[in-house]
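With these hints in hand, go ahead and build the complete structure from the sequences.
Single-letter residue listing:
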Amino acid sequence: MGVRGLKRTSTQDPVWRDEFSAQSATERYVTRRQFSKFLVLTSLGMFVGNLWILVRSWFAAKPSFTPQPVSTAAEIPVGGVKLFSYPTPDDPCILIRRSTDTFVAYSQKCTHLSCAVYYAREQNRLECPCHEGYFSIEDGSVLQGPPPRPLPRVTLKREGNDILATGVEI
Amino acid sequence: MTRGRGITAIDGAIALIAILLIVQMWLLTATLESYLAGHSEPIVPAAILSGLILAACAGLFLFIQRIDANIRSAEEPDSRHSSPSAPR
Ligand code: FES
Chain A
1 MGVRGLKRTS
11 TQDPVWRDEF
21 SAQSATERYV
31 TRRQFSKFLV
41 LTSLGMFVGN
51 LWILVRSWFA
61 AKPSFTPQPV
71 STAAEIPVGG
81 VKLFSYPTPD
91 DPCILIRRST
101 DTFVAYSQKC
111 THLSCAVYYA
121 REQNRLECPC
131 HEGYFSIEDG
141 SVLQGPPPRP
151 LPRVTLKREG
161 NDILATGVEI
Chain B
1001 MTRGRGITAI
1011 DGAIALIAIL
1021 LIVQMWLLTA
1031 TLESYLAGHS
1041 EPIVPAAILS
1051 GLILAACAGL
1061 FLFIQRIDAN
1071 IRSAEEPDSR
1081 HSSPSAPR
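Order-wise, the sequence lines are chains A and B. Per the numbering used here, residue 1 is the first one in the first sequence, and the count goes up by one each step. Per the numbering used here, residue 1001 is the first one in the second sequence, and the count goes up by one each step.
You may find that some hints are simply not true.
Capping the alpha-carbon separation at 20 Å, the derived lysine to aspartate or glutamate pairs in EDC-like fashion look like this [claimed, not checked]: (1) A:62 x B:1011; (2) A:82 x A:138; (3) A:109 x B:1033; (4) A:37 x B:1011; (5) A:109 x A:169; (6) A:37 x A:90; (7) A:157 x A:127; (8) A:62 x A:169; (9) A:109 x A:127; (10) A:62 x A:91; (11) A:157 x A:139; (12) A:62 x B:1041.
Calculated directly from the structure, the hints in this document are not laboratory data.
In structure tokens, the structure reads:
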């Protein structure tokens, strides 16, 4: 394959001489050119990866949540917790009663490496025992430690004495 | 342009491409990470940025090709025909 823009001085020179030079100095150019070609192809591959994520996110189905009773108000004392799973049995969550009328619920999976978080009553925060990641009880935001994102929040609805989980806010 | 300066320019361009690639790799992993975590906001800007990085890499590649071609065409008449070991 000839090099783009390369002017041949002799029409008798075969094309392969461009890529398979007998001189080491010229060969160094060939090696660098091929290496840069490889790097650009790698860049193209990563761009395709980004496009793939974009296409997948466009066609991804929006998750739908069905309301599900998770507890009754009488079951949990103020400052108490209850563990439940929502929206699937593989999604552990933690429900906390902060005051007589205030309940909050979060995913129990730490956003760092998925250890189970627990409620630290004295500090009034959610703590992950694995790497000391702490989350705010107000909104699940990260207070300290390695977790990169807030805890997903489970939205709740109270119907009489029943507490229903109605969705998950990421 | 001399061969030595040409090699230096090409090495510089390759180093720049390598730095851009590292940024692009980080971008891809960060985008994937946030996509899998359910966040779709950074996906479009990340794809655009990745495309710009690809364009920059392609531009540097063309630059390398041009330097390479210039030097080779400048040296070709004497270097090719003076070497006794060059296969004909
Ligand atoms: S798994 Fe929770 S802080 Fe690392």
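Now the hints, each set against the structure:
Distance hint between residue 62 (chain A) and residue 1011 (chain B) is unfulfilled; the C-alpha atoms sit about 48 Å from each other, more than 20 Å. For the suggested pair residue 82 (chain A) and residue 138 (chain A), the alpha carbons sit about 17 Å apart, so the restraint of at most 20 Å is met. For the suggested pair residue 109 (chain A) and residue 1033 (chain B), the alpha carbons sit about 16 Å apart, so the restraint of at most 20 Å is met. Of the supplied pair hints, the one linking residue 37 (chain A) and residue 1011 (chain B) holds, its CA atoms being roughly 13 Å apart against a limit of 20 Å.
Among the hinted pairs, residue 109 (chain A) with residue 169 (chain A) is consistent with the structure: their alpha-carbon atoms are about 14 Å apart, no more than 20 Å. In summary, the hint linking residue 37 (chain A) to residue 90 (chain A) is not supported, as the alpha carbons are separated by about 46 Å, beyond the 20 Å threshold. Restraint check: the Cα-Cα separation between residue 157 (chain A) and residue 127 (chain A) comes to about 25 Å, which exceeds 20 Å; the hinted pair is violated. Distance restraint check for residue 62 (chain A) and residue 169 (chain A): the Cα-Cα separation of roughly 12 Å lies within the 20 Å cut-off, and the hinted pair is therefore satisfied.
The hinted pair formed by residue 109 (chain A) and residue 127 (chain A) meets the criterion: a straight-line CA distance of about 11 Å does not exceed 20 Å. In summary, the hint linking residue 62 (chain A) to residue 91 (chain A) is supported, as the alpha carbons are separated by about 17 Å, within the 20 Å threshold. Between residue 157 (chain A) and residue 139 (chain A) the CA atoms are separated by roughly 16 Å; this keeps the pair inside 20 Å, and the hint holds. Our distance criterion of 20 Å between C-alpha atoms is met by residue 62 (chain A) and residue 1041 (chain B), whose separation comes to about 14 Å.
The structure does not agree with the numbered hints 1, 6, 7 stated previously, though it agrees with the rest.
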